[in-house]
Structure formats: C-alpha cells, structure tokens
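2 protein chains.
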Amino acid sequence: GQRQGQWPGAGGHWPGAGADRWAGIGLGQGWAGVTGRLVSAGCCPGIRVRARWRPAGSCPSPSSSSASSSRWSSPRPLAPRSWRRSTAAGSWSTRATGSGEPRQGRRGGGPGVRPGTQSPAEQLLIVRANSPLEYPAQGVEVRPLRTILIPGLSLQAASRKLYKVTLIATLGTFDVAAMVEGVKAQGEGETRLSLLATQLDNLNRQLQFVTYTNTLFHPNTADTVQFATDGHQASFTIRIRHAPTPKLYNPGTPGDDYNISALVTIATKTFLRYDKLRALIASIRRFYPTVTIIIADDSQHPEPVGGPHIEQYFMPFGKGWFAGRNLAISQVTTKYVLWVDDDFIFTPRTRVEKLVDVLEKTSLDLVGGGVREITGVTTTYQQKISVQMGGEEGDCLQTRQGYHHLLEGFPGCVVTDGVVNFFLARTAKVLEVGFDPRLSRVAHLEFFIDGLGVLHVGSCADVVVDHASKLKLPWQKSESEKQYAKFRYPTSGDSSVSVKHGLFYFKNHFKCMTSN
Amino acid sequence: GQRQGQWPGAGGHWPGAGADRWAGIGLGQGWAGVTGRLVSAGCCPGIRVRARWRPAGSCPSPSSSSASSSRWSSPRPLAPRSWRRSTAAGSWSTRATGSGEPRQGRRGGGPGVRPGTQSPAEQLLIVRANSPLEYPAQGVEVRPLRTILIPGLSLQAASRKLYKVTLIATLGTFDVAAMVEGVKAQGEGETRLSLLATQLDNLNRQLQFVTYTNTLFHPNTADTVQFATDGHQASFTIRIRHAPTPKLYNPGTPGDDYNISALVTIATKTFLRYDKLRALIASIRRFYPTVTIIIADDSQHPEPVGGPHIEQYFMPFGKGWFAGRNLAISQVTTKYVLWVDDDFIFTPRTRVEKLVDVLEKTSLDLVGGGVREITGVTTTYQQKISVQMGGEEGDCLQTRQGYHHLLEGFPGCVVTDGVVNFFLARTAKVLEVGFDPRLSRVAHLEFFIDGLGVLHVGSCADVVVDHASKLKLPWQKSESEKQYAKFRYPTSGDSSVSVKHGLFYFKNHFKCMTSN
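Residue numbers (UniProt numbering), protein chains in the order written: chain V, 1 to 516; chain X, 1 to 516.
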C-alpha cells in the first residue's frame, strides 16, 4: 500500500488545514485514480516514486458515502432511487455549453453538429520544447467574418538553404498584408498558407504581415491553427466572437453623495401581506422619498398600492416566490437593484449608500446586509458554496456557514458565496443568473447556486434592516397571517420540497448535498 | 503614398469580394495604422516591403465619415453634438468585463481593484522558440480553492550537472502529489516551487506530480504561472472558476412527435387590443389546446383574459414594449419560448414542431419564421448585424438585410443575426440576453444587437404565421385601433426615438450606424 512519504532533509510538510483542498478536479478523475495511475504507469523503470495520499478526514469522495470528517456531515443523496437521469433522447438535456460552440462542418454548410462538444478554446494544448516556432499561445481574437493581423509569429531555425513555414486553419483563411522581397507565398486567401525564403530575416519580416480572416460564420467559437516547419508543429487558438455588448446604466447627475434614486431600484415580492408591505414602503419613504419601488404581487385578491415611484405588477394567484423575484428584476432600469422582503422595515441603520459604495469601488457583483430580528439578533446568513464534481452520476453540493476572507478597505464586510435576502446587486449580473420561476415556495440559496462562477458576493454586517416581528403565538395571528403561513410553510406532503430537490437533481446535476 | 502591390510570379491576388472583411480589429487599431507602422517600423534594414492597402470601396473607417461604398450608406452619427460620453466618475460606467475578474491584491486581502481590467486569460502570451520548457498553453482549469495536477510539464534541456526548474504563481500554491527519488523540492505548499535533480529523467518524472491549489478566493478569474529554468522562462494560464451551473429543462415524456406543451411556452405582450389578442388565442388553441400562453399586459383598463393554460400579468399602464417582453420571458418554465405578437393568427402552416426540430437538432439558439401579411407577402426580416470597432469615440453598428449561409439539413432555413418577431428560442439564452425595459416603444433589432456573440440565430421561411390585417384607412379604424396607433407610432416629438438612440450611444457604445 502507499504511505505518507517525506523526503529527508527537504523540510517538506503536508499542506496544512483545509481538507477539502485535495478534492480537486484532477483532470476530471478522482485523486487516487490519477496519482495511482501515474505512479504505476510503468514510465521510467528504475525511478522510485512514493505517492502521497489525501490525509484522513478529507472530503467525501463522490463514489463513497461512508467517508466522513469531523467538519462535514455525510453527503445526503438528493434523489430517491426511483429517479433516474436518463441520457436518451427525451431526457433533460442541453447542458449549457458556455462560450465556444463546436467546430462547424464543411464550407458553406452550417452548424449541423450536436450540441455539447468542448470548445476548441478549452482544449488542452501542450507547448513542445525545443521548437524553432514562435507564436501566440493566448490572446488572439477576431470578430466574426473580420480580419486580423496575427501577432508574434516567427521562425528561429538553425541555418539551412531554404526556410519554409505553413499555416493551416479550418474556419478561416490566411493572407498577407504586405509582400516582403525574397519571400514566396503559396495559398494567399486560402485555408493553407506557405511562406518560403532563403534568408531567415526576410521570412520573419514576412511573418509580421500574416492575416487571418474568419470565413465560416459563427457568433462565438474558436479556430485551432496549425503552425509548422520542417520537423516541428505547433497549435494555437484564435477566438472568433463578437465583442460582448456592454450593459451600461445612467448613473444620474454626480453630486456630493450617491444619487440613490438614479442608481437603485428597490424590488420586492408580496403575497397577502398588504399591511406589512405598506409599513415597508412607509419606512423606505422616510429615507428615500423618490426611489422607485417595484412590487411583484401574486395575491389572490390584489389591492392596488399607490403612490409616486411605485410600480406594482399583478401575477396569477400563487404563481410563486422565485417567479415573482424574476418578474421584479426583469423591470429594473437602474444600475443596481436592492432586494428586500415585504416584511422588512427600514431604519437609520439601513444605509443603502454604504452598499452602493462597496459595489462602486470593488469588483463585487452583490453585497448583502444584515436583517435584525425582534430579539435583537442580526442575521447575515453568510454561506460558502462549492460543488464537488462527481462524474456521470452527478455532483455534490456543499454549503457551509461562513466567509472566504475580509473585504479589504471595508471594515465589517467579507467575501462569501450566499447571503441573506437583503442585498444590493448589479442589475445586469442578477439578470444574468435569474430566479428560476419553477421554485414556488421554499427557495433561497438556489439563486446563489445558480450564480456560482457568475456572482462575486460580499456581505456587510453593519448595514441593517429590521424584520417585522414574526414571534406571535398561533392564536395571536391575524387571519391574513394564518392564510400566509398556510402557503409559506408547506407541509411535508407539499410538492414544493420535492420540486426543489428535483431541480437540484435534474437541472443542476447534483446527486448529494452536505452542509453544516 | 501606398499602392496596391503584387509579387511578380507569385500568383497572388487580392482577396475577393467582401470589402467589409478588411475592416478587422487589427489588434484594436485601424488597418492603415498597424500595417503602416509595421512597414515603417525600421526593423531589418535592407529588407524591402510593399504594403497592400484596402481596396477602394471598403468599409467606412470610424474616423472618416466620407468613405463610402456602393454597398453601404454613409454612417449615420447617433449622437447630437450636445451628448457627451464622459469618462469621469459619475459617467456611464461598468462595461461588462465578461468572465475573468482582475487579479486580486495581497494575500488575505480581497478584490479591491478597479473594475474593467483585462483578465489574465485574455492577455496576449507569445511562446518563445527554442526553449527547453514544455508546458500546457491552454486548457488548465481548477475550481475555486481546489487542487489539480498540472498536465504536460517537462524539461528537455541539454546535458548539464544540475537541472532546476521553478514555478511561480500569484493566486495559489504548488505542491507535489508524490516524491521522486533523486529530486529535491523547495517551497512545497508555497507560491514558488523549485525542483532540483542531477538526472533529467528523475526531474521529469517529478514534474508529472506537481499540483496547483487556488488559495485566494475568486469565483471566476485566472492565474498566470511563470515556469522557468536557467536562461529560459515561459508563462501559462490556469483558469480558476466554478463549473458553469447547467440550466436544464424537463422535455416531457417522449413520444412519436415533440410534446409541444411540455417543451414550449408561447409568450406575447398586449396593449389595448383585446379583440386581436382573443383572436390569436383562439387560433393557437385550434392546434395547441394545452400549450401555456403567457401574456404581459400594460393596458390602461385591463381586461382579464381567462382560460386554461393562460397566464396574464398586469403591468403599470404603458410601461412599455420591451419591459413587457422581459416580463413575459421571466415567467417561462419550459425549455423553449415562442414569441408572437398579439395580432398574429396561427394557421396550418404555423408548424411549431418544425422550429423545435431545428433547435433540437442543431446548436442554434433561436430560429425565426415568416409573417404573412394580408397582401400575401411573407416577411422573414433576416438581418445581418456587425459592429465595427471605433476606439474611445464609439463603435459603428452595421445592419444589412440577408443571411450568412444556408442551414445544412434544413431546406428553407438559413443562418443570420436578426429575424422577425415570430421566433422560437432556447429560454435560457433569451434570458441571458434579455429585453431592455428602457425601450418602451420603437424597438426590434436591439434585442439581437444585445445578443451578439450570445445568440446563434436561424430563420426558416416555411413556418408561417398570419398577421391580422393592418391595411385600414384612418377613418375605418376603430376607437381602440386609433388609441393604439397613438401610442404605437410616436410622433417625431416623442422621446422614445431619442431614448433608443441614447441607449445605442451610452449603453452599447455606438457612435454611428449604417444599414441598407
């Protein structure tokens, strides 16, 4: 078996705390598998290798449900045995391929390929040693059907009678923007260009004028270019895509302080609680008399909530929580959106300017505040979220209370992955993630899970909103409160929890989850 | 001046038609500038270079408004002289940075950097020739705070007494997953790792076990790793990001034909035209009795439109066209959404199954159909859209009627950039683009412009919906039609056109547009 090795005198030590660090993606395979395979690969007979394995107490591997750690609870499977994620036609499909569509087929054909192939821009390309070829490994981009000069091409070969290089592409053609004396070009305007010269300097001067023109239309893809000379070959990628269209917002006229009405829209969803909603609005107006408030309302008997700078949207009865959130954000026309629940109360501590300052001065996309309960306890609900890849069966969702690190320059603020339901966010980023309208009742972290890799999230405990009291004994509740509770807190027989898990399983490809 | 050159005997020819192909991004600079600069750069005295310039009739350059072509109208400036896109604080800001946030600062600090810096994954990196270093130029990715094995590292150096390599990172640390006999490691678990050996084979075996662990949290960034040996250095990028969360949809139970009710939601926006809306719904129900229809309604005196599988959303009066479109799509829970105008009529030629087939079998994101007017003329409104970069002043939007190429496997279908207001689209992609709610009246191509690089668009002329007659003389119009026309067709004094141009100028960074 393998044991933990240590090189005498090297002062090596096992990487410190953070058991989860070893649960890497390892080129898509489990740790043990990759390292073991390499160790026993049979390469280089005579070289002795001592493998190091993950320390006891590391993350549960996707294949074992018994591995446990004092820091983690056992992974909880999300899907009952009866659920199956079929891969046949008709199953949940169309995994988001991200940018970079698969390569196109024949010239003049079109995108007739199956969705889901890896983009050429993501493929592993190894740079070979001791090659006379010089070329751009990264950073070359052309707009669809446009032309660019290819930077950085050069040949540094040993002395010979004739120097020759060839460039081959698939989605475009090569040409030369200028002709250098002493160089012969073959294939100008075609997918294969050769340059020949007897003097190396002339060839290299000519290589400064080579252009690439994208000819097979695609709005977002990449071409892998082969660059070769006698006995050597290299590949590099040219990205082919439109420049991302900027999503800019009018920040309003500059002044001494932030113009909250121009920069921020307050958004909320309401259901059956008009008294609380009106109390929220009144509290907002004490401090922000002209800020726009957007209300998504799926009450059964809707009441108009009037007033300047108030927009109320009426939805089918009981359409749902995330549907309402998605509706509200779809109507925001300002740079930032402040999400509040309809039973919050603004106080002098609810300084939206402070949250705006964080987003104006850092690259964070969303910053949460604190919600103060009647007991005096303030909740920031900071959650770290990560996904452990698990192959075909599904991945494992991991959530842990806490934060990653402090936010430099902002005392009282930290960086994390999920926060409480009181946050300011860049409108464009929230829209990019969206609130899944299939989540009708119990949902919160789903938004942040859908936002992994998209949202950079912070949390400031010193910007606080009050939560209208919930501590009422059942017989003290008003009729509307009882009605509300009936919908808001589904019984175990309600389908909304299994809908939630169904989405985790089928939509997000999770098969288990752990939290603490 | 420069003249068109041709190398004798080379058989070179000027690249064929398509004048616009030469208006490339040219590393962010105009064509003339780059080539001219290279030609006169003073490199390599004694080497003669004859530049080739763009042929007469090419695209207007951003700096000249007089260059014209028989295929193009002169670019029309979008902004009156009084508009100014200030770059000072308080101006329209936060250009979407796309993926890859700027590098973080000190350890334990946080993202305190200015938004908008180029990502390390986009930087130009040149591979130097004749280097003994072998490494991965592309394709290495790690999840935030996780660990991976770095593939492809090797040293192919000439014989010497001692071989040494060093790896340096900024956002993470290196370590070794196994120890190879005969190799000394310094800096395990740190940002700088050195490996030393007297035998090259041992060092290369060790390089197969080098790991990288991301330690500075960021949900989507990249680290540039320096890889060096005596006298040689190379850089490569490790992407650090969460895997994109898939957005999957339930396709319903498989059957002989596509289950349109499970796969498709029909969405529309209505305003003051309940008679037409009801006619539309009745026509849909002839062919699709159970498909969900979502209606965004901003009429002043809303009327409930009842019926099974109908969802009606009431908005503030006159909130607007794109606000209504954004609301409607925010409520879709199926894989595809079919957009229709409220005055369309479904006929037997309105085969939604055909459009679903296109999106199921290709990587297109959206496919438009045809709209048949009372005259019998069917409009597909296929538009090619491109943006010519123009530097600080702004870019130039170019739209041209037509398509890029045929869609292989689907006779009657083509690939283009913009289509008519009758289309089927992947819900997730439409949500990714969104309809800007600031466009209240006149807007159509804005959606496709915002979608450049995101949407891959097709058009099939043989899937046709009828357009309820518009050809009525003014005195024949009903009261509601007159009321509708008042809002729908703004007079020149109306602000909506300048709002549209204002958005083009400030939001999309366009300073001119051309079309034919």
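Honestly, I wouldn't trust all of these hints.
Identical copies go unnamed one by one, so any copy, or any two together, can satisfy a pair.
Once the Cα atoms are required to be at most 20 angstroms apart in a straight line, the calculated EDC-like pairs of lysine to aspartate or glutamate come out as [what the hints assert, rightly or not]:
1. K161 with E311
2. K354 with D256
3. K429 with D357
4. K247 with D395
5. K161 with D357
6. K247 with E392
7. K164 with D201
8. K429 with E392
9. K247 with E432
Honestly, the hints are just simulated from the structure, not real lab data.
Subject >> Hints the structure fails to honour >> reply: 1, 5 and 8
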